[in-house]
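Assemble the whole structure, with the sequences as input and the hints as a guide.
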Amino acid sequence: MQGHSGGRLMPLVFTLASRNLFHDRVRLIATVIGIVFSIILVTVQIGLFLSFERMVTTMIDHADADLWIVPRGTKCFEDPSLLDERERFRALSIEGVTAATPLVIGFAEWRLPEGGATPVFVVGSNPDKPGLRPWNVIAGGLDQLSTKDAVAVDKSYFERLGVSELGDIAEIRQRKARVAAITEGIRSFTTTPYVFTSFDQARTYIGVATNKATYFLVRIAPGYDAESVRDRIADNIKDDAEVLTTEEFRVRSRAFWLFGTGAGAALFAGALLGIIVGTVIVAQTLYSSTKDHLNEFATLRAIGSSSAYIIKVILWQALLSAVVGFLIAAGIGLIIVYLTANTALPVIMTPGLMVGLLVLTVVMCAVSAISAILEVMRIDPAMVFTR
Amino acid sequence: MTAPMTAPIIEGVDIVQRLGEGAGQVEALKGVSLSLKGGEMTLLMGPSGSGKTTLLSVLGCMLTPTQGTVRILGRATTDARPEDLAEIRRQHVGFIFQSYHLFPTLTAVENVLLVLDVRSDRSSGAFAKATEALATVGLSHKTNSFPRELSGGEQQRVAIARAIVGNASAILADEPTGALDSENGHAIMTVMARIAKDLSRTVLVVTHDPRILPFANRIVRIEDGRIVGEERVSPKHQ
Ligand SMILES: Nc1ncnc2c1ncn2[C@@H]1O[C@H](COP(=O)(O)OP(=O)(O)OP(=O)(O)O)[C@@H](O)[C@H]1O
Ligand SMILES: [Mg+2]
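Just so you know, the protein sequences line up as chains A and B, in that order.
According to the working numbering, the first sequence is numbered sequentially starting from 11.
According to the working numbering, the second sequence is numbered sequentially starting from 20.
If you are wondering where the hints come from, they were derived from the structure by calculation, not from laboratory data.
One or more hints might be untrue.
[To be verified] Far from chain A by the CB rule (all over 10 angstroms, computed), these chain B residues:
| id | residue |
| --- | --- |
| 1 | 44 |
| 2 | 50 |
| 3 | 120 |
| 4 | 123 |
| 5 | 155 |
| 6 | 198 |
| 7 | 228 |
| 8 | 237 |
| 9 | 254 |
[What the hints assert, rightly or not] Dumping the calculated DSS-like pairs for lysine-lysine here, alpha-carbon to alpha-carbon at most 30 angstroms:
| id | chain 1 | residue 1 | chain 2 | residue 2 |
| --- | --- | --- | --- | --- |
| 10 | B | 161 | A | 322 |
| 11 | A | 139 | A | 158 |
| 12 | A | 222 | A | 186 |
| 13 | A | 322 | B | 148 |
| 14 | B | 216 | B | 161 |
| 15 | A | 222 | A | 248 |
The structure displayed is predicted, hence computed values, not measured ones.
Think of the CB as a built atom: it goes at the ideal place given N, C-alpha and C, for glycine as much as any other residue.
Encoded structure:
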């Protein structure tokens, strides 16, 4: 604060607030730790929520379909009911539909080469467009997947699946499964490994009749409106099937995994808990700081300051704690994001979440200031004479 | 001899002030009337516990009297809300508290600036006014010192600078020279006397200090919550 000539760089309320705050280091540290813990808790919960939200639609996102014909009542992508192949032709007969390709999914038992078994989630699709083929292939090739017995597995599941390189051979439903492509980063939030293969081969692995599929992926010709084509297909197919736009299917999957299962509610409850704990800690420290400086606030009142002026000092104190706490929390949050990046459920941080957290921190600290403000409103300026 | 005929700047009429609760309650003022006119320096003298500080806080609108009326520039404050009283203090009153009440986390000049800041005077001139007020009390060399780095007398002078910086119409000073040596005390009282020469301003000084007597226009004596004597004198110092 040295060297101010003429104009001042900072308002005096701000100076007073920051000095009050930094004056008592121990309390400042307590406040900041409270905010940091609270915000990190919220960050992790919401970051996991975003991550989970993104993950539950990964397969839908990679299938690049315009419309999905799904068994009626399908709750999410991983819901393995079956459709009859005739629905495919019914869809193809609709004007504006350029392709309707089959996709089959289902659980199966993977027999490890060395013995033992583990459940896997088989995804079968031909190299057509639209289709759902593995991505991030790091060894072997997608073209190999159409060959007999060929499957693609993710590197991260090698140990679970008892394989370690291209050409390794396991068994699904007494049929050979040869590792022909290896991917990286296709991890399942259900923890059951995905195994990609061709459509026909997948049917034999899962045990699905030849005229059945789980989904038909529809591609629409340019210039046609997805929703009107969807309606026309819907009129033409049987009652046991329904048509969804890709976005509708995403929303449905999210609703099922995040709210149908309670996972989303649990993450939100954790975030809420973080907010409450943080608010209580900050409120507590702001209140005791205000108590300590009561004599000064009374003096301010005695020299005629308005209540608004005094409230400003307290709010600045709250805001400053918020900013310091947020910066530290954001730093630690980014480290957590970095450390969890390659795990099954990485914590996601988006610019929007960052801004939201800053706003949350500021609101939390402002709410915390209420008890301190109520305390200073009770001050009688005459108390300066009794001290 | 100046006997100004102007309306009082502050006027207290039949003030009764009870302090404390229950058995510990004290009647600190038992029907006191005192008016402070422009262009006057009034000394308030009396033994410890006689009610001097209490009277000062009632006249300065810090304490609402149990009975009686306080008028500021002719306007009664009887029904004023705390927020209005704060505004009256902000606009019209400069206090020097018996125990200074400086802000420990603010420097000398910031302590003085605070008075201007609560009045929303944040012009570049505000800083000049604050340094000038500190110069007036002889503290130009200590503007950036914190209260803990100042002696008792220096702290008292910061408190005085804070009271005079806003050009308040009433300066209410509680023992302003208590911690000052005679040289500084004399200098401060000269400043106060100069303020009191302004017909639109008034100065009330609570004191035990006989060295202040030569500056006064009027000496009021209080004992046990009652005014027991009042004499007009002509100031020997300007
Ligand atoms: N908050 C209070 N509660 C009860 N009694 C009080 C309170 N404040 C002051 N008193 C009493 O009121 C009387 C007047 O006090 P006051 O502070 O006005 O005296 P004073 O003349 O300023 O004394 P001093 O010269 O020692 O400063 C004293 O008897 C004091 O004990
Ligand atoms: Mg006193």
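Cross-check of the supplied hints:
no.: 1; hint: 44; in the structure: holds, 14 angstroms
no.: 2; hint: 50; in the structure: holds, 20 angstroms
no.: 3; hint: 120; in the structure: violated, 4 angstroms
no.: 4; hint: 123; in the structure: violated, 8 angstroms
no.: 5; hint: 155; in the structure: holds, 18 angstroms
no.: 6; hint: 198; in the structure: holds, 17 angstroms
no.: 7; hint: 228; in the structure: holds, 19 angstroms
no.: 8; hint: 237; in the structure: holds, 23 angstroms
no.: 9; hint: 254; in the structure: holds, 28 angstroms
no.: 10; hint: B:161 x A:322; in the structure: holds, 28 angstroms
no.: 11; hint: A:139 x A:158; in the structure: holds, 21 angstroms
no.: 12; hint: A:222 x A:186; in the structure: holds, 22 angstroms
no.: 13; hint: A:322 x B:148; in the structure: holds, 24 angstroms
no.: 14; hint: B:216 x B:161; in the structure: holds, 28 angstroms
no.: 15; hint: A:222 x A:248; in the structure: holds, 14 angstroms
Going through the hint list in order, the structure does not satisfy hints 3, 4.
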